[in-house]
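**Q** If you read the protein sequences in the order shown, they are chains A and B.
In my numbering, each residue carries its 1-based index in the first sequence increased by 26.
In my numbering, each residue carries its 1-based index in the second sequence increased by 992.
Simulated from the structure, these hints should not be mistaken for lab results.
With a Cα cut of at most 20 Å, we get these calculated SDA-like pairs of lysine to any residue:
no.: 1; chain 1: B; residue 1: K1123; chain 2: A; residue 2: F66
no.: 2; chain 1: B; residue 1: K1123; chain 2: A; residue 2: R67
no.: 3; chain 1: B; residue 1: K1284; chain 2: B; residue 2: Q1250
The model shown is predicted, which means the values in this text are computed figures rather than measured ones.
Spelled out, the chains give:
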Amino acid sequence: MSTATETLQLPATLGRASDGYVGQFSQFTGLYVREMLRTFRNPFVIVITIVQPFMWLAFFGGMFSTLPASVLQGLLVGAPPGTSYLSFLLPGVLSTGMMSIGMFGAMSTIQDKRFGFMKRILITPTSKATVYLAKSLGSATRGLVQIPVMLAAAIAFGVTIHGNPLSWAASLLGLVLLGLGFSSLFLAITASSTDWQTPGVVSNFITMPLMFASGAMFPSAIYPPWMKAIADVNPVGFSAELSRSVLTYGQFTGHDLLLLGLLAAFAALMIGIGTALATKYLKVE
Amino acid sequence: MTGNGWAISAHGLTKRYGSLLAVDHVDLEVPAGSIFGLLGPNGAGKTTIIKLLTGLSDITEGTASVAGHDVRRDPMHVKQRVGWVAAEVILDDDLSGWENLWLQAKLQRLTDWKGRAEKLLAYFELTDRRKHKVGTYSTGMRKKMEIALALLHQPEVIFMDEPTIGLDANVRRMLWELITGVNKEFGVTVLLTSHYIEEADRLCQRVAIIDHGKFVAIGTPSELKGRVQADFVELETSEAVTAGRLAAIPGVSSVAQQGPAWVLRVSSAEEVLPRLFQALRTDEIHRINVEKPSLESVFIDLTGKRIDQAGSDVQDYRKFYMNVRRARQ
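This is chain B alone, in the form it adopts within the complex (with noise of 0.2 Å):
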């Protein structure tokens, strides 16, 4: 493991592309064992990041250890020790998933593998399927498969982009016990990226929320959480509602417009509801929502926006991965 015990270390990292700064001198250390999360909305940077640390972009500016070794003067050592999931599930669908993880095996040098490999598959229960072709495999099937891939070397640092994006509920309540699990049981750092809340929340021991490829805060979910004092409450409303109205009302503290919501710090929704209800008429309003503390209200208060809004072009990402396999049958 690593001298100084973080897996991973990395100081004023930057990424240009041409005049777009993708990533903006980025500080970040993860600790040996853990689990480190990047929240953000899409085109945060996040990804960007992950291609940074595994040596597959071109860092422009700045310094980043992994696995003890120099991403930039030691790339193939780097790439020797970290394992990665993509978001987007990539595997080569006209091979077995034997045949996969003999490929994984042959580009990282293992000679020894096929004990471990065996291993992997009862682990993910994927043993009875390991001879059929993996693009006859389940969205769950090739995300553990690809898992399987990610740990065959014992890597040290698993790197997982938007593991759970445009799975259903069950599957992606079955990946959070998964990548615990890893984490614990194979002693992998693992880093994750995502733009959902409660995953980040739930699994992460560290977090780093980015946005405009620049960490807006970074801590545990517990002390971004506790940084917020205050709720905000959400809100749409006829057009007779101004900001000066909004802004009277005793005990809120800021009134933001988003697209056609208003979002409102207050320091207690339970006290500042009620008085919501006597300055505006019922007719007057016609949604609202209450976020308490949490790493969605920690980025609400940072950024002014909602991580589901903030993406310059939020995609429908399920209807991306129906077109990725339709191209590939």
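Pulled out of the complex, with its shape left as it was, chain A reads as follows (with noise of 0.2 Å):
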């Protein structure tokens, strides 16, 4: 340790916003510029982050890719004649791997808890909805990643991408939405767990059914009724629809807005009860 006495002579006062109401807003961009970091520097996450949606495209669209049109034809319904299985395909699997993005910031929230970092950071003035929400919006801005490696993908599969700068813009906000309310869900259910296995199993449990009953991999109009209605509600089935609109039919109509809407009020919500929860029941350990 150095010995110098005047190492020690520091500056009296730091800059430091005034009493009162304590403000988040500088946790909030250190808690989410940290998930940041720790996701990008991490080059495995990086990696299963962007080969996972590749490989469906790669194996459950080729599993159609041979199919007579007349049987494709038929199996998607209300699609225009001559629409690939692969470009029905891929509004569809950016939707649901935006929902499962939310499992790291579940996972990334717990190994804070196990190793104490949580301690680290409610020690200080900042809040439990604060972690939850840098949380949050630092699993939906990781899950931004795969998108434009999907594209890419898609388009090297001989897939056209329809749209215009805006209606794209649209479809995009359309996936940050959902992507912000699964993970946003997520991280509420799993807000007092502390265990490792949590975040898969939720995942498991949320993603397998709400993937399937979207109309995401196949139009909602060939289910049975019971599927259907939960593809009619189904926040996945929303995005996918936007995003189909927009990037296979190159269209965006009333429709669109309104399931961008629709989105919008799904996330909303999500946020608002997931803050209330984390804020209750949010372990420190």
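Mind assembling these two chains? They're in different frames, but the hints should get you there.
**A** Spelled out as structure tokens, the structure:
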């Protein structure tokens, strides 16, 4: 240790916001940037995030690529003639991908609890709601990484991307809202957990049924009534339908605006409920 | 600083986890600028007291004020004024030293912190490693880094939970100097917990001895030692030796059994030992240990057991640390 006394002559005052309500913006940006640093420094996470949806396209899409056009036409109810299955599937995979990214935020929260880092955070003037929101936005952001990769892969597989920058922005916003909603939901469900296994179990439990009962993989018109009932209120379906309208069919209609509104409502609702639950139940360790 | 001169003041502080009373109506007053120690075995409630005083855990009953703010009513302002050094060294291993400081500055809402951070790094001799991930630091460096984080926002009070647990003797001595230095040079009040007698004795101006969530004694180390007007002789013997035989030795005021050992409270070890050797055959004595007045003997006197044997589950902390480190890699 340094013995020179002058090294200890520290500035007497530090810039700090004044007393009263303790604002949370600085803490939020700190925690959000931390999530980003941790994510983008882990090449493994990036690779998996990118490869997983890519495999959906390759394997699931590949399975249907050799179907006779007539069979495909019967399957893709409502799609314009000549729509390839891959171009139908792409928006669905983009949407289901945004659904499962919430698992990463939940896992990073559990890691912070288990290594005690949650204590380090909460011993500073940082509210549980701030921690929750930073994690939620962090995992939604992580999910966005897969979008350009997916689009590039789809183009490489011969899919034509339709639309214009404005409608792409609407489609992207829909995906972001879906990601925010689901990462908020995952984090709320796992707020009181400290078990590594919980996020995986929760993810499987939520993802599988919502993926199939959504119209992401096939048009919901071919579903039995009970599955269609789920699909009609499933945000994954809203997002898939919106992005399909934009990217596959090159449209942006009033119905798509409604879908965007529903996705915004879903995200707002999940964030609202999640923040309240996290404030109450987020465990320190 | 606080108006009444207390950096920490708590009354009737109580924490219940279900039916378990972890902290039982503790009264505590720590003068600003001092080093105060909570000494007790593992599981006595030391860490819980820190959690209560820092607002990390809800207080079940009682009041507490830290750095001039009520912990229950105003936890955010308490948190702006306290630093914390964890027993298990908690840093973000994936971030560099500088990034850990940056995050701490963000969490403490500091806007002009870089100059101080650089000076702290220089003080703790971490400047040349600032850009490396803290996961690559040695244990001593990690501990220093943690103390630098705790000091970054100029706290009035620093809580150090078992600051030297699991460290080897050299690092421990280095940390003792550091803690004394931080207290003097930075004028910060330190509340530390320990189950090492020597640590509490050497560092703390005042010590509270805690067992089963209760303070059993509080005072300066010399006051506490002066309170025990006796020495303790601890011995392991063959089975032929009975409590009655030991109690009959002149100068022995009480006999207690702890595990395989007898603990004799004696007026003076120097006078009693020769009589003990007369009363027992040498082959009946397997081990003998004399405890002169120390914080250990205070603890023995008050609770009838040694600090390192009193914990409900005495853990192998080195093993614990190795597991933690391994899990992080």
